[in-house]
Amino acid sequence: MQRKTNQKAWFLVLPVFLLVGFSAIIPLMTVVNYSVQDSFGSGEFYWVGTEWFIEILNSERFHSALGRQLLFTSIILAIEIPLGILIALSMPKKGWGASICLVLMALPLLIPWNVVGTIWQIFAREDIGLLGHTLAAMGVEYNYTQSAFDAWVTVIVMDVWHWTSLVVLLCYAGLCSIPEAFYQAAKIDGATRWAVFRYIQFPKMNRVLLIAVLLRFMDSFMIYTEPFVVTGGGPGNATTFLSIDLVKMAIGQFDVGPAAAFSLIYFLIVLLVSWVFYTVMTARDGEAG
Amino acid sequence: MDLSWMGWTPFTATFFVVIASLIVSMLVWEKLVPGGAPRDGILGFETTRGDRLFVSLLGSAFIHIGWLFFIGDMLWWALILSFFYALAVFRWV
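So the sequences go chain by chain: A and B. Note that our numbering has the first sequence beginning at 1161, numbered continuously upward. Note that our numbering has the second sequence beginning at 395, numbered continuously upward.
Derived from the structure by calculation, the hints contain no laboratory data. Incorrect hints may appear among the rest.
[Unchecked claim] If you want a taste of the chain A side facing chain B, the calculated C-beta under 8 Å gives, among others:
hint, residue
1, Ser-1199
2, Phe-1200
3, Val-1208
4, Val-1430
5, Ala-1443
Note that the structure is predicted; figures quoted are calculated from it, not measured. From the three backbone atoms N, C-alpha and C, an ideal C-beta is built for every residue, glycine too.
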């Protein structure tokens, strides 16, 4: 008897297609359309070809914002990934301590981005903030509204405070999935603490680390709300990252054409780096078995 | 339905029709020759037909961006270069 193939299940994914269509594909199409035209509002468009792309690619403003963004993301990944692994390794695996640690780790993730920005903006102020006041009392010169270095330190520490928990929770989940037999075998072989990490824990965390690196790269590369609330992109343009610059261009100046070209270049960079991360880490995962 | 807010032009519409056609062609290809033809290419990792199309499209986008940055207008040459790049990707990657 010939088996009948039922294709009706495809209708179940139709809502997802519609959702992605309305939330991603149609806006992306619109951005592509805007990137080759000039507009003064009221639905009037004038063809300019690749002019906006050439302008953005050669603009000092874009280069500076991209440089700041790459530096910020590199610092964030260099701090949050090792720190997240270290904290996850230090957390208890069972008992009441594990529950308390998990709740504490989850707390920063529950706070909305703009609230995190507001908390840190107040926290770092010299007159009313605990951090700013304490540093001033210790004789440390710290003013994130006037010093570019202080503004960078504040934004980085804030991001580390907000997002390291995500890396911790992902790594912790990876660690918890390792069967006890692996550790027992390592103990019998007399493996050192480093050998256990290098040959058991790290390979087993590979997949979750891939997710952590990808999420943290994409999030930090597209960061907007927190630095905008704390520093507004300043002092000067010291913390004007790509998304802050893009919003200034698109909404502040209503340069929708250049902003659309900017967005597409920005999107392609995110896509390329994410693909490279994904490919390198999955290839390494495949080799590790 | 008024879609004037999307600012469509014949060129951008052609661009999306080409992308959609490529995706549909890949679906037809998969239907005719199932399995995605996975292989280890010169990049040293396994790729399927879909991966090779993605690498071709992403690379082509950067070829165009690089062309605009280093040379300027006249994107036809970048398009021709991208075509040969895509052929190379499908042959060796």
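How the hints compare with the structure:
no. : hint     : verdict
1   : Ser-1199 : 7 Å, holds
2   : Phe-1200 : 12 Å, violated
3   : Val-1208 : 11 Å, violated
4   : Val-1430 : 11 Å, violated
5   : Ala-1443 : 4 Å, holds
The earlier numbered hints that this structure contradicts are 2, 3, 4.
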